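Just so you know, the sequences run in chain order G and U.
Quick note on this note's numbering: the first sequence kicks off at 42 and runs consecutively.
Quick note on this note's numbering: the second sequence kicks off at 1062 and runs consecutively.
Keep in mind the hints are simulated off the structure, nothing from the lab.
Where hints are given, some of them may not hold.
[As the list claims (entries may be wrong)] Straight-line Cα separation of at most 20 Å, DMTMM-like style, residue types lysine to aspartate or glutamate; simulated pairs:
1) LYS1233(U) x ASP406(G)
2) LYS480(G) x ASP406(G)
3) LYS1206(U) x ASP94(G)
4) LYS297(G) x ASP276(G)
5) LYS484(G) x ASP455(G)
6) LYS205(G) x ASP1229(U)
7) LYS205(G) x ASP1226(U)
8) LYS73(G) x ASP553(G)
9) LYS480(G) x GLU412(G)
10) LYS1206(U) x GLU412(G)
11) LYS1206(U) x ASP409(G)
12) LYS1206(U) x ASP324(G)
13) LYS1139(U) x ASP455(G)
14) LYS1206(U) x ASP96(G)
15) LYS480(G) x ASP1229(U)
[To be verified] Listed next, the stretches of chain U that the computed footprint assigns to chain G, with coverage defined by at least 3 CB atoms under 8 Å from CB atoms of chain G:
16) 1121 to 1133
17) 1203 to 1212
18) 1222 to 1232
[Claimed, not checked] Listed next, with one range per pair, are the computed distances between beta-carbon atoms:
19) ASP1227(U) x SER476(G): 19 to 25 Å
20) THR1192(U) x LEU88(G): 27 to 33 Å
21) SER1165(U) x PRO228(G): 55 to 61 Å
22) PRO1202(U) x ASN115(G): 23 to 29 Å
23) GLU1182(U) x ASP290(G): 44 to 50 Å
24) ALA1161(U) x GLY152(G): 57 to 63 Å
25) GLY112(G) x THR1079(U): 49 to 55 Å
26) PRO503(G) x ALA1146(U): 48 to 54 Å
27) ASP47(G) x ALA1142(U): 47 to 53 Å
28) GLU1182(U) x ALA501(G): 52 to 58 Å
29) THR1184(U) x ASP276(G): 54 to 60 Å
30) THR1184(U) x SER476(G): 39 to 45 Å
31) PRO1202(U) x PRO171(G): 45 to 51 Å
Remember, it's a predicted structure, so these values are computed and weren't measured experimentally.
Yeah, the Cβ is synthetic: ideal placement off N, Cα and C, and Gly gets one too.
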Amino acid sequence: MARTFDLKDNSVVVIVGSGAGGGTLANELAQKGINVVCLEAGPRLTLADIVNDNDTMFARLSWLDKRIGTGDLNASLPLWVCKTVGGTTVHWAAAALRFQEHEFKGRTTYGDIQGATLLDWPLTLADLAPFYDKAEDKMGVTGTHDIPRLPGNNNYKVMAAGAKRVGYKEFHTGNMAINSQPRDGRPACHQIGFCMEGCAIGAKWSTLYTEIPKAEATGHFELRPNSMALHVNHDANGLVTGVVYADKDGNHHEQKARAVCIAGNSVETPRLLLNSASSKFPDGLANSSGQVGRNFMRHMSGTVYAMMPGRVNFERGTQMAGIIKDEARFDPKRGFAGGYEIETLPGFGLEGLATNLVPGAWGRDYADILEMYDHFAGMWLVGEDLPQAANGVTLHPTEKDQYGLPVPVVHFSDHPNDIAMRNHAHTAGAAIYQSLGAKQVFKLPPFSSTHNMGTCRQSANPRDGVCNSYGQSHDIPNLFISDGSQFTTSGAENPTLTIVALAIRQSGYIADHLNKRE
Amino acid sequence: MQSDGLPRRDFLRTSGITVTALATGGSVIFGHNHAWAVATTTLDPHTTQTLLVMTHDLFPHQRLGEQYYAVVVDMLDKQAASDPATKQLLIEGVTMLDSAHGKSWADLPDGTRVTVLRGVEKTAFFTTVRTKTITGLYGNPAVYKMFGYGGPSAPLGGYINRGFDDIDWLPKT
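If we strip away everything but chain G, and leave its shape as in the complex, we get (with noise of 0.2 Å):
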């Protein structure tokens, strides 16, 4: 059963976000019999709040807070992310993609690139091997653990038509975190089409209907909704002591800790440590390296949208149903370190494909085009981007939000590495719908950023970053970063697959650390 915890009760570990990373470590935890708080900003939907509209599920998912893109993002919305219960696995596509071998050893792999921060990760695939093991069967991964692989729909079969006749050798329905049978009570996909809207069946892996549900049971576990971490609280020797919070009324409270792990994703966990400044800490927790909201990655991305000569109706079935891995190898001879992933992307109904396919265009020739809509084929191309000392996430010195607290400023700007990729990704991407005969294509830029990493990176050398192989900060031992923040190099895969795997690692040394504490 759910259980309570007394705010002064500091044997609990304090989990600052619910998603992929905090909600796995929670009950990861909590399995383990340790007594867990999940303070989570947003509020607690069911699978009755999911509807088939995407405008709707945007305001009702989204981080709407208000942030500030610079460089290449979008001012008002420079990340599309969520502020609810399961996080950004409420939104995600599902994608569950291991790393390879070579991307967690960036610096090594790619060299000295100008501009770029580059470092090897502390850890190894074969360090992550087994935890990526476990992710993929808690997650149900297809094509993992003898799970079969989802069917492939319309979009996915032009996609895999055009890469057989362009030359690709690896393109299937991909490691999808949706179930393709029945499994774990959750029932298989019924390919509605939402995915990034909410699984209204909950056929995808969340931890809104997975992992908290399964860490309340332990009865080691306690959620709260609405609640809004403003600022991690430390004593005398350094150590982390309790996290302060708004609940929904606005009105503050501080829960004790033995330890506190922030999850809130790669502009919210950065933020909530830079807000934590104190006397002893004057640039905020765990930054002696300086590192803290430094090298933000939010991978080279792009889309390609192609009227073809026959009916697709790319909104049916699985929104990311396919892939093609040829070009993630790497291979420097393209012009550019680092590969990228191709893989199925609709349109987000009528309406987005008028709002995106072309933006600022209005008049008769693109009314026309749009009265193709049925006709169109999509796809998206992301790829690992280089970290950058310059992008990240700073405060704003004076703007303030609902809560009071500096509203974040965050900047990214491409490297040429992220815009040579996007180029050879565009025209390799407008290549395999040409190969069918495309009447149009259209290459269009990086939407708002839903892959968010670096923040506080992982680093070998305390110097070099924010936290060691298990995510324990390098300042403050009793204080972890448990998301996609802590990624030392962004690779090629969809991020979420190793933020769980990482989760997991780390459930694991924290029950060690804190057995041994005791």
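Mind docking chain U on chain G? Use the hints.
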């Protein structure tokens, strides 16, 4: 409605649309033969009529009757009713369009109207109307099927038994 290849010289005359002022301050748009009507509460007849023509010029679709564009005007009117700044923006925007040729913009020939719009497409007025037209037109469930968009599918059991993989024109090799 306009037919392709027959440029409309006078949108308002040939569309059969009429707009009437209401004593309460708004107006009513009547479709051809009064087949449908949309009442506004805030915008005057001239502004209402001009916005109706503008929404059509932004995204002209032969397959859509004028009543779907009237829905967009209704949404703009509601926004104007709740936000005086929007009301002012719309009224001043229409004045700006009318000032281009010293006569009512809505009465200009098709090509001339579009040229005037091209000249103001960076303005807040234009952006506001364009954005609302996309939402009001392409986000209208009654419009979905006319573009072959399926809309919400969960209440129908998804597409698992309704053609998610029914494509039939792809080459075999």
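Violated hints, by number in ascending order, as checked against the structure = 1, 12, 13
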